[in-house]
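One-letter residues, chain by chain:
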Amino acid sequence: MLRSIYRLTRKLSASGLRSCSNTSQKLVLTTVDDKTGYATVTLNRPPVNSLNLELLKAISESLDDLQNNKSRGMILTSSAKTVFSAGLDIMEMYKPKPDRLKEFWSTLQDVWFKLYGSPFPTVAVINGHAPAGGCLLSLCCEYRVMCPNYTIGLNETQLGIVAPTWFQAALRNTISRRDAELALTLGTLFSSDEALKVGLVDELADSKEVAMAKAVSFLDRFKKISPQARSMTKQALRSKEIMELEDNRTQDIDLFVFAVTQPKVQQGLELYLEALKKKAAK
Amino acid sequence: MLRSIYRLTRKLSASGLRSCSNTSQKLVLTTVDDKTGYATVTLNRPPVNSLNLELLKAISESLDDLQNNKSRGMILTSSAKTVFSAGLDIMEMYKPKPDRLKEFWSTLQDVWFKLYGSPFPTVAVINGHAPAGGCLLSLCCEYRVMCPNYTIGLNETQLGIVAPTWFQAALRNTISRRDAELALTLGTLFSSDEALKVGLVDELADSKEVAMAKAVSFLDRFKKISPQARSMTKQALRSKEIMELEDNRTQDIDLFVFAVTQPKVQQGLELYLEALKKKAAK
Amino acid sequence: MLRSIYRLTRKLSASGLRSCSNTSQKLVLTTVDDKTGYATVTLNRPPVNSLNLELLKAISESLDDLQNNKSRGMILTSSAKTVFSAGLDIMEMYKPKPDRLKEFWSTLQDVWFKLYGSPFPTVAVINGHAPAGGCLLSLCCEYRVMCPNYTIGLNETQLGIVAPTWFQAALRNTISRRDAELALTLGTLFSSDEALKVGLVDELADSKEVAMAKAVSFLDRFKKISPQARSMTKQALRSKEIMELEDNRTQDIDLFVFAVTQPKVQQGLELYLEALKKKAAK
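Protein chains in written order, with our numbering: chain X, 347 to 628; chain B, 347 to 628; chain E, 347 to 628.
It cannot be assumed that every hint is accurate.
Heads up, the list lumps identical chains together, so a pair's fine if it works in one copy or across two of them.
Calculated cross-link-like contacts (lysine-lysine; reagent style DSS-like; alpha-carbon spacing at most 25 Å) [to be verified]:
1. 624 - 441
2. 543 - 560
3. 610 - 570
4. 560 - 624
5. 441 - 560
6. 554 - 448
Source of the hints: derived by calculation from the structure; they are not laboratory data.
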């Protein structure tokens, strides 16, 4: 597991240093299957789908489109070969412009609201590593199919940071309170097998293709169910956590900005990025 | 499983069309065992114990009697051979009189309060199918023994409707959050075996007699425990959900009346009842 | 199991009748390992670590010391051979002086706050029986290692009393809601094996030495994790229950004083203590 984290860090570095990537390329690819009506939303910000402001905006807009078109279901996956999403792009936090930093966090909140509370059913096809923010995206979905030999988890404490309460809420909606407390304090990155065992993912699949088929099978289970009744039921179940963040959006942004702009945190990021540059130079 | 749902629907139809049944017959039979002091409350509205206003009132009154007599324990079961309760009587929702409709829902709330928060221990002997409202009654009890080859679940979404938050609360008090979300959005009807596996029921029993014996065994476990300490402990554990409905009784009734009286819902019920009539005529 | 409860009761009796023990002896022994920096806090009020005001104060002060010294981790255990802690000292409740009774309960609340919300990681090495208040102390820790052939549980209802909501909260943070409801209403005392199975403890260990080693292994898992991020994560997870008691401290004390000073409760305690004296005299 350590080796895979290391490899991921290498990729993260590359990603972090290229945050001004070619904007002509679409950050999110959405396709809709004519037969089933299900949409596949593919994260497409090479190399590791680091979640910067532009990618988050693109996800947010895709979710709006699906909702406006009364989608029958969505599959969230990645175009990268070994990474689902490496989580938040640390370049957004390093020497940030105040307005952009606020917008960054506010857009992440938007994505959480739209995904966690989506009226249509959602499945994550986790075809690669999914640490921190990557894990969060999958937890906001209603079902998770994962390919083997990757890692997943809200590993924030391992990075010296704290998963916000709404990250925690999505985990507590999925696994037991006991397992969630251990996972969050330890910052556990679970292997695919461990994730299945603890209930963090629902199924394993040997390839992305098989995983996609399983995702479709899950969505098919809602075929004969009234979308409106389904949606209202889901939202009633998830309403407490949704209202809690709604009531605290501004404070939550302020807290994030305050934490990120602490001199100590900025120094830590600087050291981290320098280390990454040296690694990349080798 | 599909066949059993079909058979149940046939019976439901008969029930629905006979909502003005012979009132000289007792809708709830209560007996008290002289030795143990335990009461058996038997739902007795043939053919499938559809919960109409009169049956709900009879249940509510039985629960009052038990509480006033400081009952040591209650077993809830059915006089029907293959159905515990088919759930709410749809005839209460079709072309309803406003006052009766309100009273119907308010009485269901009463039953929920009295059963979910009862001072005495409660066991459901589920000797037949228990969909929707039938499942709810069993979930309000503290222990569930089920006979094999039946189905149970809050299958509201399969019927195009939404289980209210207090239905959901009773399920979430029983099985894991994860399983509850899947069960409620999918409207899952579990087989007896599946129900045992997911924790929706505590034990299976080959016959009603064996199930009754197991229910008595459960109640016996409280023999040496102070009824007052037990009751206060139970109510402390269940107080949040109870207070939540108490604080929202009127809004909850208004919401139900609003939903039921929508023209689309009434049209749906009309089509459904006509289909049932045709089936019954065959 | 009944035999072990009986033996425990015999010891409790001795404890109850010697509440004015030799105060020159330290009620809590704290040692810190030079290598690891982990503290071991050993309850040391023979014979059964009944929690009286003085012992609770000593625990509270030890927790303050650890927090002030930015402890890296704590192991809570007992110097008694077969008892972790027998729970609250009933002599504090019998013919109490009003001020001392209030201080007793308030100090128990303090211990709960400091242990349940401690910034440093905590493990209970349960090297003997842990009923009621003894179980509570272990539940406030983040990890539990238990030696075989003892019993543990919030068995308050078996003693005719009610576990306060904050006792219940610590149990619900550890095992499933369903298991917690059954355990609390039945007042279940679990054997070590049963406790492991239900998740009430995390590991078993054949001896106190092995248990201590397992506790150190758990604490070692946090070696590379930022103590501040860890602590904030833990406190976010546990904040709801902590705030709930903070908001209700005074009412909770009043409720306790009211309950304890009821004539019926005092009569019950008198009968109980007389029975213990007779047993002790044999």
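Do the hints match the structure? See the list:
no., hint, verdict
1, 624 - 441, "within (20 Å within a copy, 73 Å between copies)"
2, 543 - 560, "both (18 Å within a copy, 23 Å between copies)"
3, 610 - 570, "between (55 Å within a copy, 18 Å between copies)"
4, 560 - 624, "neither (42 Å within a copy, 39 Å between copies)"
5, 441 - 560, "neither (43 Å within a copy, 43 Å between copies)"
6, 554 - 448, "neither (35 Å within a copy, 52 Å between copies)"
Violated hints, listed in ascending order, are 4, 5, 6; each of the other numbered hints is respected by the structure.
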